[in-house]
Amino acid sequence: MKWLLFIAFLIPFCSIAQEDEWKVKRCEGINTSRSEILVTMMGENVVIAQRSKIGFINDVSLPDTSYTLFMAQRGSTYDSLEMVEMLPFSIGRYDDGSAFFHPGDAALWISSANNYRKGSLGTLKIYRYFWYGDSWSKPRPFDFNNPDYHMTHPWMDMDNKRIFFSSDMPGGQGGMDIWFCNMLANGSWSDPIPMPGINTEGNEIFPTYFNDALYFSSDREGGQLDIYRSARITQWESCEKLPEPWNSPKDDLQLVMIDEFKGFITSSRQGALGSDDIFIIQREVPVTEEEKIIGLLECMGQPLRDIQVQMWNERNEIILNVKTDTLGRFDLAQMDPMKNYRVKVTGLPPQVVQKSYVHFLDSQFNRIRSFKLNIDGTFEFQFLPSDQLVSIEKLSNQDRSVLHIPLDGQVFQYTPGDIGENEAVYVLDDDGELLAVSYTSQNGRFHIPELRPLSAYTFKMKEDGRDLNLIITDGQNETVIPVNDGEAHYQRLNDDELVRIVDENNKPIFIRDDEVFIIRDIYYRFDSINLNPFAKDQLTQLSRILSANPQISIELSSHTDSRGRAEYNQALSEKRASSARNFLIAIGVDPKRIEAFGFGESKLTNHCSDDVECSEQEHALNRRSEIKIKVNPAR
1 MKWLLFIAFL
11 IPFCSIAQED
21 EWKVKRCEGI
31 NTSRSEILVT
41 MMGENVVIAQ
51 RSKIGFINDV
61 SLPDTSYTLF
71 MAQRGSTYDS
81 LEMVEMLPFS
91 IGRYDDGSAF
101 FHPGDAALWI
111 SSANNYRKGS
121 LGTLKIYRYF
131 WYGDSWSKPR
141 PFDFNNPDYH
151 MTHPWMDMDN
161 KRIFFSSDMP
171 GGQGGMDIWF
181 CNMLANGSWS
191 DPIPMPGINT
201 EGNEIFPTYF
211 NDALYFSSDR
221 EGGQLDIYRS
231 ARITQWESCE
241 KLPEPWNSPK
251 DDLQLVMIDE
261 FKGFITSSRQ
271 GALGSDDIFI
281 IQREVPVTEE
291 EKIIGLLECM
301 GQPLRDIQVQ
311 MWNERNEIIL
321 NVKTDTLGRF
331 DLAQMDPMKN
341 YRVKVTGLPP
351 QVVQKSYVHF
361 LDSQFNRIRS
371 FKLNIDGTFE
381 FQFLPSDQLV
391 SIEKLSNQDR
401 SVLHIPLDGQ
411 VFQYTPGDIG
421 ENEAVYVLDD
431 DGELLAVSYT
441 SQNGRFHIPE
451 LRPLSAYTFK
461 MKEDGRDLNL
471 IITDGQNETV
481 IPVNDGEAHY
491 QRLNDDELVR
501 IVDENNKPIF
511 IRDDEVFIIR
521 DIYYRFDSIN
531 LNPFAKDQLT
541 QLSRILSANP
551 QISIELSSHT
561 DSRGRAEYNQ
571 ALSEKRASSA
581 RNFLIAIGVD
591 PKRIEAFGFG
601 ESKLTNHCSD
611 DVECSEQEHA
621 LNRRSEIKIK
631 VNPAR
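For the sequence shown, position 428 matches number 428 in the working numbering, and the numbering has no gaps at all.
Check the hints yourself; a few may be wrong.
[To be verified] The calculated lysine-lysine pairs, modelled on DSSO-like cross-linking and capped at a C-alpha distance of 30 Å, are: (1) K355 x K462; (2) K372 x K355; (3) K575 x K603; (4) K628 x K592; (5) K372 x K344; (6) K630 x K592.
Please keep in mind that the hints were generated in silico from the structure rather than gathered at the bench.
Based on the provided sequences and hints, a complete structural model is requested.
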């Protein structure tokens, strides 16, 4: 009778979703030709009962029932386990088997035949050990231990302060039965109560509790042990036998669930190396294309490429270990609704981490959630069901100013063009604050469309021992600077030419007198002089700069694309410049501080001149407003 041979053990489980597929496989690294039983979780580790091979256990006249408790740790997942150490109070001669760890009071409940005598099997009793952080307490016996019958397989329902166990004490249905005691207000236990709705004349052993259901093994059907379930809502009046793959044609002794999606089964089923081995059972939930979620790693609007992303579940298992692609994207691991996860991004400079976000995208690339990285590159989140996920607006950058400069560069080692694509380039100010992120394209070139105007910049690149150089193109000027230990310093303005003002966010910026800026996104529709709401917002920000810096005035110029007659475009640009000037005056700017000019199509920014075929987007770049900042010493 298998129940007698393993009278010192236990199990747990959850409600089974029949529509999902469960897969069972033998755990790697832990099973041997002897018997192993996984008896309980203990934090991130597990406790294993293994058939002893020391002392008098080698006496073949004794039954194969003596077990020793070991601590084991998992690999990257629970598919693989490794024995770490024997528990110090479990030395083989006492037949220590079943165990349950209560994290609330750091107590390990075990059953042990500590009155074992050579040639005879003493009754099993329940004991409790407390973990003090560096040592275990002395064993404390359970109130109802008795030398006349077995008390074994303890397992607690922690929410309802109830302990289940197996016993052949008088008052049961026959053989081993499942009993329970309730904890009283003073911390003692009520008298044991049998569970007649699930006990039979056979043997009911290994009770475990998970998600308001009791799980146990029984040999009621022909002598083989099978796993059964009884829901609390039925008040334990009925039970059901679990289907395959939970049960097999062999003995299935114990079920310890990790969570709703995976657990351990101890079984002698096909594939076992010894008489009983540890198997892992996992629920596979198919993910439809509509449910696929994509991650996007981004810093200041720039996707971050070739960066390591890892994700852990609630059991601290690594379920994702990938690198972002050239669009900063990565496929997220399958996640379970309402479960907690932790993500860590590695390989970024600290200045980049501080300004980086991970966005979750749906299959249509709509942003549904956004997370700012912590200083260590991590963030935690609870995965929401799909019906609670809605599209969100792209994160705004409130620090963006209407005054910005473009900057172009090229990274090379020996000659320009010998460095290829996807080299990360980070731009920092003198205080180490990240200003921009870019990546090289073909021939090592990179473009930063918007950069806060400063007198100097630091460029950081990967430190890999190469001697690199950097060409910086600022307007019509080119400067070649060396890259030492992944860092290069570029002086944009000399002390004798810089002018210090503050932007609309009250941040200091440094410019030249008469420096020209393109007001971001003030684009007019074709053949129109009307300002759209976004353009008005940009001009409002410009008015704040003028208010904060009374020593400056501006020249505002308007430009058109090349379509249409040149004379018409000239007149149109003059009207557009006047439109912008009139708006600024209407919101309080002194008219004397604004001059407005129209240049028509005479100053195109690209190749889209007359009779050249260009896209609407390319033409739109020529329909722009520019401002020149003029310093007035008299003010």
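Structure-based check of all given hints:
Straight-line distance between C-alpha atoms of K355 and K462 comes to about 18 Å, which keeps the hinted pair within the 30 Å bound. Between K372 and K355 the alpha-carbon distance is near 8 Å, which keeps this suggested pair within the 30 Å criterion. The hinted pair formed by K575 and K603 meets the criterion: a straight-line CA distance of about 17 Å does not exceed 30 Å. For the suggested pair K628 and K592, the alpha carbons sit about 15 Å apart, so the restraint of at most 30 Å is met.
About 11 Å separates the Cα atoms of K372 and K344, which keeps this hinted pair within 30 Å; it holds. For the hint linking K630 to K592, the alpha-carbon distance of about 12 Å falls within 30 Å, and the restraint holds.
Checked against the numbered hints listed earlier, the structure breaks none of them; every hint is satisfied.
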